[in-house]
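S.K.: Sequence:
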Amino acid sequence: MSADLLSERNWLAEIQSTVREAAPSGIVEVFDYGRGRQGLIPLWVGEGDMPPPAAVSEAAKASIDRGETFYTAQGGIPALREAIAAYMTRVYGAAPGGGAFRPESFFATIGGMHAIEIATRLTLGPGDEALIPSPAWPNFVGAIETSGARAVPVPLGRRGRWSLDTERLAAAVTPATRAIFLNSPANPTGFIATREEIAATLDLARRRGLWIVADEIYGRLTYDGARAPSFHDVMAPDDKILFVQTLSKNWAMTGFRVGWLEAPAALGPVIENLVQFTSSGVPVFTQRAAIAALDEGEAFLAAQIERCRRSRDILCEGLLATGRVQFFEPEAAFYLFFAVDGFPDSRALALRLIDEAGVGAAPGSAFGPGGEGHLRLCFARDPAQIAEATRRIVRWLRG
5 MSADLLSERN
15 WLAEIQSTVR
25 EAAPSGIVEV
35 FDYGRGRQGL
45 IPLWVGEGDM
55 PPPAAVSEAA
65 KASIDRGETF
75 YTAQGGIPAL
85 REAIAAYMTR
95 VYGAAPGGGA
105 FRPESFFATI
115 GGMHAIEIAT
125 RLTLGPGDEA
135 LIPSPAWPNF
145 VGAIETSGAR
155 AVPVPLGRRG
165 RWSLDTERLA
175 AAVTPATRAI
185 FLNSPANPTG
195 FIATREEIAA
205 TLDLARRRGL
215 WIVADEIYGR
225 LTYDGARAPS
235 FHDVMAPDDK
245 ILFVQTLSKN
255 WAMTGFRVGW
265 LEAPAALGPV
275 IENLVQFTSS
285 GVPVFTQRAA
295 IAALDEGEAF
305 LAAQIERCRR
315 SRDILCEGLL
325 ATGRVQFFEP
335 EAAFYLFFAV
345 DGFPDSRALA
355 LRLIDEAGVG
365 AAPGSAFGPG
375 GEGHLRLCFA
385 RDPAQIAEAT
395 RRIVRWLRG
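Per our numbering: the sequence shown = residues 5 to 403.
Please note: incorrect hints may appear among the correct ones.
[Claimed, not checked] Cβ-Cβ distance ranges computed for the label pairs, FRET-style:
id: 1; residue 1: 42; residue 2: 94; range: 41 to 47 Å
id: 2; residue 1: 391; residue 2: 90; range: 36 to 42 Å
id: 3; residue 1: 33; residue 2: 373; range: 14 to 20 Å
id: 4; residue 1: 272; residue 2: 14; range: 41 to 47 Å
id: 5; residue 1: 22; residue 2: 164; range: 37 to 43 Å
id: 6; residue 1: 272; residue 2: 306; range: 32 to 38 Å
id: 7; residue 1: 200; residue 2: 36; range: 25 to 31 Å
id: 8; residue 1: 229; residue 2: 53; range: 36 to 42 Å
id: 9; residue 1: 174; residue 2: 327; range: 35 to 41 Å
These aren't lab readings, by the way, just hints derived from the structure by calculation.
Nothing here was measured: the structure is a model prediction, and the numbers come from that model.
Yeah, the Cβ is synthetic: ideal placement off N, Cα and C, and Gly gets one too.
Using the sequences and the hints, build the whole thing.
M.R.: What follows is the structure, encoded as structure tokens:
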């Protein structure tokens, strides 16, 4: 074939439709639009501005210095799996069925997204459906639909707070439904599903034979002094639940790319195969960093929560005073999801804020049905910077 013919080939037509037709991230689009703007305050992605605890970086460096740079066990090094089990026992108490959590139930992953990808492959195939309470983080939809399955958004309730509407969930179940993906505490809304809502969701899954993929990564980033309710609080040992976790949020380790999937130990050989086929394992030095975070990171986490609380209050009070903004105060995580009177197009609003206010926000349209008309701001940053961002938005709104 000549070079001319090769240059004219429609390459997009040659690849799998599930990948070709995957919707691009609206968050990334706005990020790319504002990247490099002088003086812009970037509140569009889900990470803060703090480095991880010193012990985390020191553990990674020491591991590299020891020469731990080779392939490793697909499920994770034993020391990490033991540290996760010990951490879970400290935070969540007894494992389902009683006793301490077992290391064999935890599998190291390249961050939470890798855990979601594996959970999706375990539970869904072409033609299957998964329910997702919406608005929701767009990567859930991406993982589901690039696998050939269909993501079915189910609107959250709004009864004085964002809430999980289990009646809507039940009504959305079809013969093709295989799983419910539930993120609580939630990105982007900051809502926490109550113990009763979680129990009702589990009851629905049991009755209909569904898997639950529980993303509980913000479970400790709450503002009432207690961890969020969890499926761990209500489940039995034989419930079909996969848990997604990451070190990224609690300990400011987004760039370390390490998390875990919690699953029935009997699935270990299958999960380790999937790790092999997708990443060939998590670097040992980031696993050593994860151990340091789990074992020594409590003071850092407490300080980060208090810092986020101050930033949340500054942002909420400032925007509420304009009389033009509506939101439910976030109960957890570090996002404010709000609507502005007179601006139904969130993408256009996000672009204008970059150009005219010097603040980067994620458009609500990126988070699926129910998200349009809103913006998401990440307030996991220095309260002084959040105060400046608030002043800029308030000036622009009063313009």
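S.K.: Per the hint of 36 to 42 Å, is the separation of the Cβ atoms of residue 229 and residue 53 within bounds?
M.R.: violated (24 Å)
S.K.: Can you let me know if the beta-carbon spacing of residue 22 and residue 164 is within 37 to 43 Å?
M.R.: Taking Cβ atoms as reference, residue 22 and residue 164 lie about 39 Å apart, which means the hint holds.
S.K.: Is 41 to 47 Å respected by the C-beta to C-beta distance linking residue 42 and residue 94?
M.R.: Holds, since residue 42 and residue 94 (Cβ atoms, about 45 Å apart) stay within the stated range.
S.K.: Could you tell me whether the CB distance from residue 174 to residue 327 stays inside 35 to 41 Å?
M.R.: holds (38 Å)
S.K.: Per the hint of 41 to 47 Å, is the separation of the Cβ atoms of residue 272 and residue 14 within bounds?
M.R.: holds (43 Å)
S.K.: Can you tell me whether the CB distance of residue 33 to residue 373 sits inside 14 to 20 Å?
M.R.: The hinted range 14 to 20 Å holds for residue 33 and residue 373, with Cβ atoms some 18 Å apart.
S.K.: Could you see if the CB distance from residue 200 to residue 36 stays within 25 to 31 Å?
M.R.: Violated, since residue 200 and residue 36 (Cβ atoms, about 42 Å apart) do not stay within the stated range.
S.K.: Is 36 to 42 Å respected by the C-beta to C-beta distance linking residue 391 and residue 90?
M.R.: holds (39 Å)
S.K.: Is 32 to 38 Å a correct range for the gap between the Cβ atoms of residue 272 and residue 306?
M.R.: Cβ of residue 272 to Cβ of residue 306: about 34 Å, so the range 32 to 38 Å holds.
Violated hints, listed in ascending order, are 7 and 8; each of the other numbered hints is respected by the structure.
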